[in-house]
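For the record, the sequence lines run as chains Z and P.
The numbering used here applies: residue 7 is where the first sequence begins, and numbers increase by one.
The numbering used here applies: residue 39 is where the second sequence begins, and numbers increase by one.
None of these hints come from the bench; they were simulated from the model.
You may find that some hints are simply not true.
In silico DSSO-like cross-links for lysine-lysine, where the CA-CA straight-line distance does not exceed 27 Å [what the hints assert, rightly or not]:
| hint | chain 1 | residue 1 | chain 2 | residue 2 |
| --- | --- | --- | --- | --- |
| 1 | Z | Lys38 | Z | Lys73 |
| 2 | P | Lys54 | P | Lys149 |
| 3 | Z | Lys73 | Z | Lys120 |
| 4 | P | Lys184 | Z | Lys117 |
| 5 | P | Lys184 | P | Lys59 |
| 6 | P | Lys264 | Z | Lys117 |
| 7 | P | Lys238 | P | Lys280 |
| 8 | Z | Lys120 | P | Lys238 |
| 9 | Z | Lys73 | Z | Lys582 |
| 10 | Z | Lys517 | Z | Lys470 |
| 11 | Z | Lys38 | Z | Lys470 |
| 12 | P | Lys185 | Z | Lys120 |
| 13 | Z | Lys286 | Z | Lys374 |
| 14 | Z | Lys120 | P | Lys184 |
| 15 | P | Lys149 | Z | Lys374 |
| 16 | Z | Lys504 | Z | Lys582 |
| 17 | Z | Lys286 | Z | Lys73 |
| 18 | P | Lys185 | P | Lys59 |
| 19 | Z | Lys73 | Z | Lys632 |
| 20 | P | Lys185 | P | Lys264 |
| 21 | P | Lys54 | Z | Lys117 |
Derived Cβ-Cβ restraints for the label pairs, each shown as a range [claimed, not checked]:
| hint | chain 1 | residue 1 | chain 2 | residue 2 | range |
| --- | --- | --- | --- | --- | --- |
| 22 | P | Ala180 | Z | Ser637 | 28 to 34 Å |
| 23 | Z | Ser593 | P | Arg81 | 27 to 33 Å |
| 24 | P | Asp88 | Z | Asp404 | 39 to 45 Å |
| 25 | Z | Ile9 | P | Ser235 | 51 to 57 Å |
Where is the CB? At the ideal position from N, CA and C, for every residue including glycine.
Each chain is listed here by its residues.
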Amino acid sequence: MEIERHQYDVVVIGAGGAGLRAAIEARQQGKKTAIVCKSLFGKAHTVMAEGGAAAAMGNVNPGDSWKVHFRDTMRGGKFLNNWRMAELHAQEAPDRVWELEAWGALFDRTKDGKISQRNFGGHEYPRLAHVGDRTGLEMIRTLQQRVVALQQEDFAVHGDYEAYIKVFAECTITRLLKDGDAIAGAFGYRRETGQLLAFDTPAVVLATGGIGKSYVVTSNSWEYTGDGHALALLAGAKLINMEFIQFHPTGMVWPPSVRGILVTESVRGDGGVLRNAEGKRFMFDYIPEVFKHQYATTEEEGDRWYTDQANNRRPPELLPRDEVARAINSEVKAGRGSPQGGVFLDVSTRLPAEEIRRRLPSMHHQFKELADVDITAEPMQVGPTCHYIMGGVEVEADTGAASVPGLFAAGEVSGGMHGSNRLGGNSLSDLLVFGRRAGAGAAGYIDSLDRRPTASAESVAEAKAEALAPLQRAGENPYEVHHELQRTMNELVGIIRKADEITEALEAVQKLKERAAGVGAAGSRIYNPGWHLSLDLRNMLLVSECVARAALTRQESRGGHTRDDYPAMSPAWRRKLLVCGASPDGSAVTVEEKAQPSMRGDLISLFERTELSKYLTEEELTEYDKAVEESR
Amino acid sequence: MNLTLKVWRQKTPDDKGRMVKYLVQDVSPDMSFLEMLDVLNERLILEGDDPIAFDHDCREGICGMCGMVINGVAHGEQRATTTCQLHMRHFEDGATVTIEPWRAAPFPVVKDLVVDRSAFDRIIQAGGFVSVPAGSAPDAHAVPVKKDDADAAFDAATCIGCGACVAACPNGSASLFTAAKITHLGLLPQGQPERDSRAKAMVDQMDLEGFGGCTNTGECTAVCPKGIPLDTIAQMNRDYLKA
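Only chain Z is shown next, with the shape it has when bound in the complex (with noise of 0.2 Å):
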């Protein structure tokens, strides 16, 4: 059969928030473009994003600024975070959101007009614009709309819409092409049909979400398999913070088939609580040592802050999701959970039922049709799901470049932004900050080039006959192996790791590894799911064999990452981050550890020393009093 074959300038995979601006810029800057994304086009997993976007615009609160969200990151992040990434993103946040504006998006008001914000775990003021309790669908229309505008003007010059901007939908990339050290293209097919693809391209810009597939609970979609993570890695470049997985406090529980599904955080913005079985506010016994200033103590100054929230400390039921999450964890293994295994989340009795009609319309519609639950009457029944990987391709700050030459990555396939864990609300920001700059970073990179790096006939010969092999064999179900490796890592390497667990969750990976070698999809390649997955399952394994490893490495407890035999935060791991690399044919993973760069000195005399001293070692206490003297 013949290999479909196009050249451009960018080939974007992903069509979700990062995919899609990173795609405008490109096109903004001259470069011709294609989209492939895995579903159809606008179904990207961005659309299921609820609670907002994080931009310290300061219109509801004007003590708020970039300063003020920079400083929350990191916190959040427990201090890995890469420093670059989250002050560019605290900075520009509130400039993309305006942006958005400009393109005809509409955000909810302030009563004298401005953009509303909403509090979230984590961020001091109220900081997430927001349309109701859909803003990443709204975001992913206005982002459309504008590649339809684009397109409207390249029509009117070119006489063809899809001359610099051309979207190929429900694609899966399997592969990324080199000419020696440098990106040369992408290899592929066409779902629907079958039909191969190969992209002759220089620059590639992965933009294809998370990994949570690898999980039996998780708030993603089927789209999640980790393949940018796995595609950057088989191309060479290197993969970080892996360990730190973001496991969603509260996703339901019941019924089984919406088991995942997440509930969003503003229930808790809005007033609501977590209860054990008991009927007892849990979350007062899980504040954490680093945060006992920040959050409320007593009951009645954790209601009194929702009105006056200048004069009063905020409820723990709005502490870090990963401090929500394992609190949930506890609760459940110590026998105070709710009947179908999760805590309750109420809110029927902390707000009117209109109000409750009004501010979270979704939640309320998605209880009452999937669980059957009036939630302004009764309490929800929640738990933690797998949500979001703070890992990911190890990027320069500014440009999203990774280390291999013409290969970009940007949101939450990228890593280092949000260190080991990220706030609510500041992936939706972080999506049009590092996917505009991916795009501009791409752009740049062909510029300065002297020649178009080339495919070999070898390489997409190999790529084609990897692509087909699944469908030569008469091998094992891929499902079966998919389920095993789910509930592998569900099991083993899920919010609270051993290293016993974790090694004996690699030893079945290994095994797993050798089973998916031969799994089989025989049949024909017209919309054939076992032949998707027996694909993706090569990325799904090569992803959790770096989660396991560089968790099984790390012997502290961090954020996303959360060791039972080693309880404790230790500022000597703070200062190493954990690199993930593979050969390429994927069989052997590598973990290395790296020096975290010091924070720059305007940075970091942002925050007092008394904080500082229960993340850094001494020596860095050091230069921190250097920084701050010097800064006088």
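Fit chain P to the known structure of chain Z by using the hints.
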């Protein structure tokens, strides 16, 4: 519960098509309508039959892909609910359920319950976006949007483009869809420069696609899963007449 389904089967766009009867047994009331069809399709595949083709994606009521006429009502009798969010607990054991595709000349049937809704895309391409330079990012922040306008635009912006309004309309009109898009952008400051040309271009494209005219019947808003109000159409007509 057990149900009798009467489903529209049509092999190709040119095929004549007919209703086919299926019995489905042991349907759980917790299943969604689409899950019930999945179960039927699984059986059809095992029996060597062609599964029933239908559109779906997110199954959470926001993508706008799903849509079928259930017992004569677009998305079924449950108000403000997409087909994917409709659950079997709303049906009675032993009932007969008819399932048909959207029917309107501009939405030709592709196969079974799948119709081609690209006419909607062309209406959007005619003007459903902001293309003039509406200023730089900080400018957007400097122009306040009145809360009332924002709320009204917000209601219009909830449209997911499923096409139920067209299926329900006795005239096969796409007025509610087009009006929602025009109203949403027309109420916002950044949508003002192109307000007139947008309304004209989109309404003209709607007519060109062969959608019918509006006679204020109101069937569209009754089936709209997002409850888009009828007065958006009045807004569209005002903008169109002015243009």
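Non-conforming hints, listed in increasing numerical order: 1, 5, 8, 15, 17, 18, 21, 23, 24, 25
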